[in-house]
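Since the structure of chain H is provided, determine the placement of chain B on it from the hints.
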Amino acid sequence: MHPPLSPTATAPPRWLVRVGSAAILFHLAAITLSVLDMRSGPWPSGYAEAPAFAHSARALSTLHGRYLRVVHSYDFPSNRPGDLPGVEFEVRLKDVDGKVLQTLHFPDPKANFWVRQRQELLARNLAPDQPLEPPGAELLAPPGQKIPTVSFWTLPDEFDRGAGQPPAGNAKVQLLLRTVDYNHVPRNRQLMKPTDWALVLQRSYARYLCRKYGAVSAEVLRHTREPVSPAVLFGNPMPPNALQDLVASFGEVTP
Amino acid sequence: MKNSSSFACSENRNSFFAAWTSFWFTSADPVALSVLRVLGGLVFLYWLLPFAGDPQAFFGLGGWFDSRAYGEAARLTELPPHLFSWSAAYWCGNNPTLLVAIYWLSIAAIVLFTFGLATRLTGVLTWGAVVSFAANPAVAHDADPLLQMLAFYLMLGHLFLGLQMPGQSPLALVLGPTRSTWLLNGIWPRSRVALPPSVGANLALRLLQVHFAIAMVATGLHKLQSSSWWSGLAPWFYLHPPFRSTMSELQTYAPPNAQTALNAFSLVAYAVLAWQIGFPLFAWRLWLRPLLLGGAVLGWLMTALALKMPVVGPLIFVICLAYVSPMEWRWVESMLTRLPIFARFRQEPDAAAARGVKGGTRAGAVPVGNHT
Numbered sequence: 002m003h004p005p006l007s008p009t010a011t012a013p014p015r016w017l018v019r020v021g022s023a024a025i026l027f028h029l030a031a032i033t034l035s036v037l038d039m040r041s042g043p044w045p046s047g048y049a050e051a052p053a054f055a056h057s058a059r060a061l062s063t064l065h066g067r068y069l070r071v072v073h074s075y076d077f078p079s080n081r082p083g084d085l086p087g088v089e090f091e092v093r094l095k096d097v098d099g100k101v102l103q104t105l106h107f108p109d110p111k112a113n114f115w116v117r118q119r120q121e122l123l124a125r126n127l128a129p130d131q132p133l134e135p136p137g138a139e140l141l142a143p144p145g146q147k148i149p150t151v152s153f154w155t156l157p158d159e160f161d162r163g164a165g166q167p168p169a170g171n172a173k174v175q176l177l178l179r180t181v182d183y184n185h186v187p188r189n190r191q192l193m194k195p196t197d198w199a200l201v202l203q204r205s206y207a208r209y210l211c212r213k214y215g216a217v218s219a220e221v222l223r224h225t226r227e228p229v230s231p232a233v234l235f236g237n238p239m240p241p242n243a244l245q246d247l248v249a250s251f252g253e254v255t256p
Numbered sequence: 053m054k055n056s057s058s059f060a061c062s063e064n065r066n067s068f069f070a071a072w073t074s075f076w077f078t079s080a081d082p083v084a085l086s087v088l089r090v091l092g093g094l095v096f097l098y099w100l101l102p103f104a105g106d107p108q109a110f111f112g113l114g115g116w117f118d119s120r121a122y123g124e125a126a127r128l129t130e131l132p133p134h135l136f137s138w139s140a141a142y143w144c145g146n147n148p149t150l151l152v153a154i155y156w157l158s159i160a161a162i163v164l165f166t167f168g169l170a171t172r173l174t175g176v177l178t179w180g181a182v183v184s185f186a187a188n189p190a191v192a193h194d195a196d197p198l199l200q201m202l203a204f205y206l207m208l209g210h211l212f213l214g215l216q217m218p219g220q221s222p223l224a225l226v227l228g229p230t231r232s233t234w235l236l237n238g239i240w241p242r243s244r245v246a247l248p249p250s251v252g253a254n255l256a257l258r259l260l261q262v263h264f265a266i267a268m269v270a271t272g273l274h275k276l277q278s279s280s281w282w283s284g285l286a287p288w289f290y291l292h293p294p295f296r297s298t299m300s301e302l303q304t305y306a307p308p309n310a311q312t313a314l315n316a317f318s319l320v321a322y323a324v325l326a327w328q329i330g331f332p333l334f335a336w337r338l339w340l341r342p343l344l345l346g347g348a349v350l351g352w353l354m355t356a357l358a359l360k361m362p363v364v365g366p367l368i369f370v371i372c373l374a375y376v377s378p379m380e381w382r383w384v385e386s387m388l389t390r391l392p393i394f395a396r397f398r399q400e401p402d403a404a405a406a407r408g409v410k411g412g413t414r415a416g417a418v419p420v421g422n423h424t
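From first to last, the protein sequence lines stand for chains H and B. Take the first sequence: its position 226, counting from 1, is numbered 227 in our numbering, and each next residue is one higher. Take the second sequence: its position 76, counting from 1, is numbered 128 in our numbering, and each next residue is one higher.
Extracted from the complex, chain H is given alone in its bound form (with noise of 0.2 Å):
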């Protein structure tokens, strides 16, 4: 137990005492609710929601989340090194003829350690992908209005050659993002599509190089490698595609 109060410490009137209590259970429920307020997973059946009450309480949070800043999930994305690839990118700023002005890399080798260590937390948000699930039937647009399109994952060449089919030879392909209404979507096949948080973000970054450089438009290309396989440490060879990266551009942007 804690010694008792010193004579010459001033303990605070009983009503305070319980308006505090009161506070403190408030801030202290504010920031565990923050915390499971939280879908888990995977698990064998995907994820699992958050706790109902919780998520149901989530609005006395709302003061501590949006104004004091001091509530968070508190599960980071470091905390789970094996799902996340490496990811680079590289910029090319083009003139007004399409012409590539300078190619830029990042993290670049050349910045400071805290810059360059942005923009590899800049970088790991433009990975990794997700599933795109196809529509199960036909979208039809309501009056006056179009059909919503989606961004995906192809190879250069997907489309004229016939989807499904293997690119020729044995060149470093590269995977362009293309967009299309929904009902264009390829069916016979998984598609992955980058998270629109990753394209908002290279969009982004690209608009904010071509005002830097004076460039007339951008093109982003992410390098992604899998995570190392710890294939070796249980006496196994290393997969040969370890270490390699695959590139996908994100297309042009302009500013």
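Hints may contain errors.
[Stated by the list, open to error] Below 30 Å or equal to it, Euclidean Cα-Cα: the simulated DSBU-like pairs (lysine-lysine) are:
1) B:K360 with H:K213
2) B:K360 with H:K111
3) H:K213 with H:K100
4) H:K194 with H:K95
5) H:K213 with H:K194
6) H:K111 with H:K100
[Unchecked claim] Stretches of chain H that chain B covers, calculated by requiring three or more beta carbons in the stretch to come under 8 Å of a beta carbon on chain B:
7) 86-93
8) 227-234
Quick caveat, the hints were computed from the structure, so don't treat them as lab data. All values reported here derive from a predicted model rather than from experimental measurement. We put the beta carbon where it would ideally sit given N, CA and C, even for glycine.
Chain B only, in chain H's frame:
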């Protein structure tokens, strides 16, 4: 029988409320809060100063994450809410000069807070600066919530600290008891006016302690959702980022070295999990202090060397120092003043008596919470 059980119940309830009141509302020597303010301020500067070269790029609405991106992100539904926040940088719009001015004013506020000048005001400004410059969602970082946590409780402690000191001018009430907080209360310099024990200082540190313990347990439990932690291979992935690894380096792990490496990786992984999930079991125990601080130092080394995260390690170490009681800080002070280099800070017996300091512990200060 009924009477004795209701008496026991009432006694338990009274003892719970006494422990609760003692934990949260005891007056404590503010030395721990002062040490934390100085070290926390240094961490805030260490985090923020490297961006002095181009604040507009990192924090401005014409930078890496521009105003158009904020508009696009607002339409996304699956983003975690903690990514978006208020920021003083948003008031600057696309005006880089104004942003640079706010950046340097923020640095000045943090420096003044670190030195203990007008802490009631500079504490609020420091918290505002930390929240503002951690607001860029493009480069959200593991350290950001911990920085905001530390800044918030330091602000809270200094808002309450010294409120009840007698004879303060209205200006001192607004700015804070600078004469008592400049630089380290009770440690240096010895000519300052001593602060009385403070309920506010204790309350802020208690909230920081409990909040950080929740964060440690939560992050440890989140790790258990990843197979790499269960298999003990998480350190392997941290140590071998795909773009910094080479085949020849990886081949050094081939048998017969593999088993030793596997043992080492899994041992480290489970030690990290045990430290984080078991954090509340040892954080408040005086006799387990080496486990708390030793783990924080090892974590600092690991995050800096393996994860290349420069801020997380020192930040966790500083927050762990919040669990060190005022009595322990006074003991450190008495040890330091025995060193020849600190001899000039040694207090004369009569001066110490005048300040109410006895045997390294201020009379009236209550050593709290570390003996439970």
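| said: Check the structure against each numbered hint from earlier and tell me which ones fail, lowest number first. | reply: none
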